[in-house]
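So the sequences go chain by chain: A and B.
Going by the numbering used here, the residue at position 825 of the first sequence is 1180; the numbering climbs one at a time, nothing skipped.
Going by the numbering used here, the residue at position 302 of the second sequence is 423; the numbering climbs one at a time, nothing skipped.
For the record, the hints were derived by calculation from the structure and aren't laboratory data.
Quick reminder that beta carbons are idealized off the backbone N, C-alpha and C, glycines included.
Possibly wrong hints are sitting among the right ones.
Said to hold, decoys possible - Incomplete in silico selection of chain B near chain A, CB under 8 Å: (1) 138; (2) 160; (3) 169; (4) 172; (5) 176; (6) 195; (7) 419; (8) 426; (9) 430; (10) 472; (11) 494.
Said to hold, decoys possible - A short, non-exhaustive set of chain B residues, derived as facing chain A with CB atoms under 8 Å: (12) 149; (13) 174; (14) 186; (15) 189; (16) 192; (17) 221; (18) 422; (19) 433; (20) 450; (21) 452; (22) 461; (23) 465; (24) 478; (25) 486.
As the list claims (entries may be wrong) - Here are the simulated BS3-like pairs of lysine-lysine, each with C-alpha atoms no more than 27 Å apart in a straight line: (26) A:659 <-> B:438; (27) A:930 <-> A:915; (28) B:123 <-> B:156; (29) B:410 <-> A:1195.
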Amino acid sequence: MRPQFISKKVGSIQFRVLSPKMIKAMAAAKIVTPELYDREGYPVDGGLMDTRLGVIDPGLVCRTDGLRLKDTLGHFGYIELARPTVHIKFVRQVYDFLKCTCNSCGRVLIPQKDIKRYSDTLQEIGEDQSVQAQRRQVREIVTKYKGKGKCPHCASKQGKIKLEKPYTFHEEDRKLSPIELRAWLERIPDEDLELFGMNAVAIRPEWMILTVLQIPPVTMRPSITLESGERSEDDLTHKLGDVVRINQRLFENINAGAPEIIIEDLWDLLQYHVTTYFDNTVAQLPPARHRGGQVLKTLTKRIKSKEGRIRHNLAGKRTDFSARTVISPDPLISLNEVGVPKKMAMHLTIPERITEWNKAYLLEFVNRGPKVYPGANYIIRPDGKRKAIADFTMDEITEELTEGYIVERHLLDGDIALFNRQPSLHRMSMMAHKVRVLPGKTFRLNPSVCHPYNADFDGDEMNLHVPQTEEARSEAEVLMLVQTQLISPRDGLSVVGSIHDAITGNYLLTKELILSYPESVDLLYSCGVSDLSNLAKKEKLDGKEVFSALLPTDFTFFGKDKSGNEVKIINGKLKSGLMDKANLGEESGLLLRNLYSQYGAAFTADLLGKISKLGIAVLLRRGFSIGIGDLDLMPKTAELVKQSINDSEQKAFDIIEKYEAGKLPALAGRTVQETLELRLLEVLNKARNKSGEVAMKQIKENAALVMARSGARGNILNIAQMSAITGQQALRGRRIDKGFTDRTLSYFKKHDISPAARGFIKNSFKSGLDPAEFFFGAMTGRDALMDTALRTPKSGYLYRRLSNAMQDLKVEYDHTVRDASGRIVQFKYGEDGFDVSKTKAGSIDVKEIVQAVIGEKQ
Amino acid sequence: MKKEIESIIQSYADKLSPFLIEKATQEIPDSVTKKQATQIMDTLVASAVVATVSPGECVGLVSAESIGEPGTQMTLNTFHFAGVAEMNVTVGLPRLIEIFDARKTIKTPMMEVYLKEGKSSLEQIKQFAKFIKETLLPEVLKDVTIDILDQKVIIEIDPNAAADYSLDTKEIAKILKTKLKTFSVVQGEETDKIELSMKSSKSENLKELHNIKVKLKKIKIHGMKGVKQVLPVERNGEYVILTSGSNLKEILAMDDVDSMKTTSNDLYEIEAVLGIEAARSAVIEETVKVIEAQGLNIDIRHIMLVADIMCASGQLKGITRFGVVKDKSSVLARASFETPVKHIFTAAMSGEIDRLQSVVENVMINQPVPLGTGLPSLITKMK
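Work the whole structure out from these sequences, hints included.
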């Protein structure tokens, strides 16, 4: 790698319109012939592939700068247009000028004495709103004076200007040719241009009528050689070929003194080609096509849209030293680590510069070569030349290696890499991990970081990037390492936390397990705890005591667990409460948040790892599994559930009866039918909850319930649906509606409004659904699928707009929030200047501070 | 609380936000000594300093992420039945988009009307609700006929329905008189009938008569324009009128209305009636409502920042290419959003200069971005 010193920086970019003079001055060649290559396949001089415009063939040399393919940037050329043509993108502006200026003297149609009066307000509009608004204002002012139909400066008569789209202008009924247009625009004096918000240095209005056309360099429109040896030219080259061809024909006809009609026709054709060269999607014009009928992709389309130059190539970058593969879980590696397959580690490299202190160390890598891990793939000489390390170059390379050389060595354990999963919706979607080279072919990650990435292991793939400079590495390590991202800037809560089995295990441990001392020691040691001084030396140990052995001895915390019991941790001892999702899980509770603020990032990350391992170790020893039997109801319970369902159904029938008897009172602001539906939905929705509750009371503790109670996976409702009743299916907040035929399915009678005919599923998933029920279930299932499919692009667009609008807002050194131009948006960020990710759920815990100072009184 | 402790707390007022001072006043018990109070306040200041944002932090992007990311978890369901007796309101993602777009016309405009204390009993609320509900002519009509022979439109009023709005035929005729200038309105011989005929007695007025029949359907005879539905409900022990359709200006002008509490969910209306600061807090409130209804948790700072950027120009602007993005100083930043070609051409015409001060421009030309660690630079003397 060459030493990289940024010595120059782009300060600003000015946009302006090229004058014909400038086009000619910057051109390397004048293009005069539509031919591309001669018989030998060599680019023709004065053709569109002229070697003065750059080269795209290996072996050829650019005649302007003498460089070869890939080194030469290419150069612009130009064509002299036989007759002027209108630039399609400036039609609106030309129209404005014609409307607002005099046809003979070119002055703006506002009396001299009033110009001054308006110029300031116009300027202001231009700055406050936009140039377009300014021009609109000029138009309005001019229409005020135009009633007289005479120029206030030279008193000549003004006709009405009409634009016949796309690019033909008429004054009264006389067509204005581009030559006349240009002459008119030339007459407009510089000082009047300012009224239109134009800078006379940047643009003269007559430049909007083209007399010369700039030809982009060959390198910008490379041709590709097909397998058959045939050349296929770029769409732009095709279009330019059309322009040149017609232009030459027009020249010839003019010189030969052809009749006016022929010249007019050719002129029109030239105008068409020049127009479609700029924009092939002009509303009134048929788009130019390939012979096959495929629409040409010309300049505007190249720039526009997601696949255009701006969003695809300029705002989006691609990198080397990146990798992608399937992810799989590994609870035994640290939160901060990522498991990288050895094969990948041998391709991803890190450049290290040889100094007198590490020469021997790096030489070992070079000696092992690219095929033995950990080796090296390339060396880079001080002059920037890159050399591959191979068996036959090995001796030569080891010979010449000295200080100043750079060795690209294989990835090692502990190197920093960026890890990312799309969609990258927040900054935690891309975090730095420490590399851990492992056997296998997948990336390994700790299950606790699944949540910030929103990853699971059903085939998800993730990307890895290896930073190549020391600055990038240290920045990644200090600012992006997983442990620095534990607290979400969205709500000030922890984004990582134990999941699934890790929660179940801790829940069971703190809830019911009693262990012997050796068992406890074994358990703790297996999750990486070697300091057992925290563990009480007793015959029998409570699970809570085992868990407490992980906590620091001066940690005090009060909170709530999932079922609402108080969690008390006093001086590192868990006194009451259970360790469930409300405390260990992500985005819930302050246990992890408090650990983080008291003991720092590294400690929290480590402790979380230990807690997770403990949970898994508990399950490993205790055993934990789920089966179909877990959903069985005891006969007595089943009876009760049935009773409860029948009760609810009966209630629904009662309401229906009342309705049919016309005795149902309507709710305020609703019709009787609406009231009926609402009441029924309410009753039937309650049916599921009620029978679920009944079932829950009777079911003895089983695996499914433990998971739901601890928050590890699933909820009570899921269990109720599986074992008791699936419940009312609702579509857009109402029961399944009758279709066009007054019934939901032909299985039912018409106008049947009983629960079963409107999507009430009495069966449980375990007992099995009948066909009609299954169909209703499928309906709501489909609706849910559609909802997600429609929501994703909508929310994606909202996000894109938000981030585009707000990306340049930053906190300045004076703590104001300003945008890029220095405009103040907030005087103090969030009105108190707090960074959400440094707060506890958005604020500072005053109570905790007070308690800490005046001492605990529990 | 002891005075001296309170004065200790107050002496920190310039170092802490009012919220924290208030919180401290609440939390610090009377029993503390002066020394302890000072210690508490000092710790508080220290934690406030720790929690302060670092200069250069790209808070805008963080806010955009914080709102955009949970957007994927929101429901798309437009309508929502929150309980049995509530109004239909747009919720979830569609409403969020509506707010951030700053749409001129929203799907379900709505007001919450509170009445002044002492006038807000259930009976009064119900009466008031009826009073403001927009009532159109058809609601009190029994029949409309066109008398072709005499070229008249004869309207028959349902006196019972009219009485509900404390109107009688005479009064309705009066209203019609002011609304229909080109017609002469005569109360017919039968008391419940009103006859309409053209003032200028040209022949061939049949078409006009038909038109007037259609027009009659839209004539407001009672209540407030735009208030299509009213629903008195109880909320936290208070009676509130929910209306569908919004007319904030008129409702606030009414004597019995508690103008401090009454709100609308139409942002533009709030901006027009109450000004930009009110619009800003309306954006915040409405957004919070959506987010809370979805059970999501987003810090209010992020929502405030969005509201602030929408209102920073003094006018409510949506986060669209016509609103906030249009005001950006950088050509390339605007071009990278939407309609790049248009932006480049307008920039070229006024010779605009892009000073590369924001993010995308620098990404485009491969330069460090002026945010975070890209912000500070070192100046050294080279020898």
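For each hint, the structure was consulted:
{"no.": "1", "hint": "138", "result": "holds (4 Å)"}
{"no.": "2", "hint": "160", "result": "holds (5 Å)"}
{"no.": "3", "hint": "169", "result": "holds (6 Å)"}
{"no.": "4", "hint": "172", "result": "holds (4 Å)"}
{"no.": "5", "hint": "176", "result": "holds (4 Å)"}
{"no.": "6", "hint": "195", "result": "holds (7 Å)"}
{"no.": "7", "hint": "419", "result": "holds (6 Å)"}
{"no.": "8", "hint": "426", "result": "holds (7 Å)"}
{"no.": "9", "hint": "430", "result": "holds (5 Å)"}
{"no.": "10", "hint": "472", "result": "holds (3 Å)"}
{"no.": "11", "hint": "494", "result": "holds (6 Å)"}
{"no.": "12", "hint": "149", "result": "holds (6 Å)"}
{"no.": "13", "hint": "174", "result": "holds (4 Å)"}
{"no.": "14", "hint": "186", "result": "holds (4 Å)"}
{"no.": "15", "hint": "189", "result": "holds (3 Å)"}
{"no.": "16", "hint": "192", "result": "holds (4 Å)"}
{"no.": "17", "hint": "221", "result": "holds (7 Å)"}
{"no.": "18", "hint": "422", "result": "holds (3 Å)"}
{"no.": "19", "hint": "433", "result": "holds (5 Å)"}
{"no.": "20", "hint": "450", "result": "holds (4 Å)"}
{"no.": "21", "hint": "452", "result": "holds (6 Å)"}
{"no.": "22", "hint": "461", "result": "holds (5 Å)"}
{"no.": "23", "hint": "465", "result": "holds (6 Å)"}
{"no.": "24", "hint": "478", "result": "holds (4 Å)"}
{"no.": "25", "hint": "486", "result": "holds (5 Å)"}
{"no.": "26", "hint": "A:659 <-> B:438", "result": "holds (25 Å)"}
{"no.": "27", "hint": "A:930 <-> A:915", "result": "holds (12 Å)"}
{"no.": "28", "hint": "B:123 <-> B:156", "result": "holds (14 Å)"}
{"no.": "29", "hint": "B:410 <-> A:1195", "result": "holds (22 Å)"}
Hint compliance for this structure: every hint is met.
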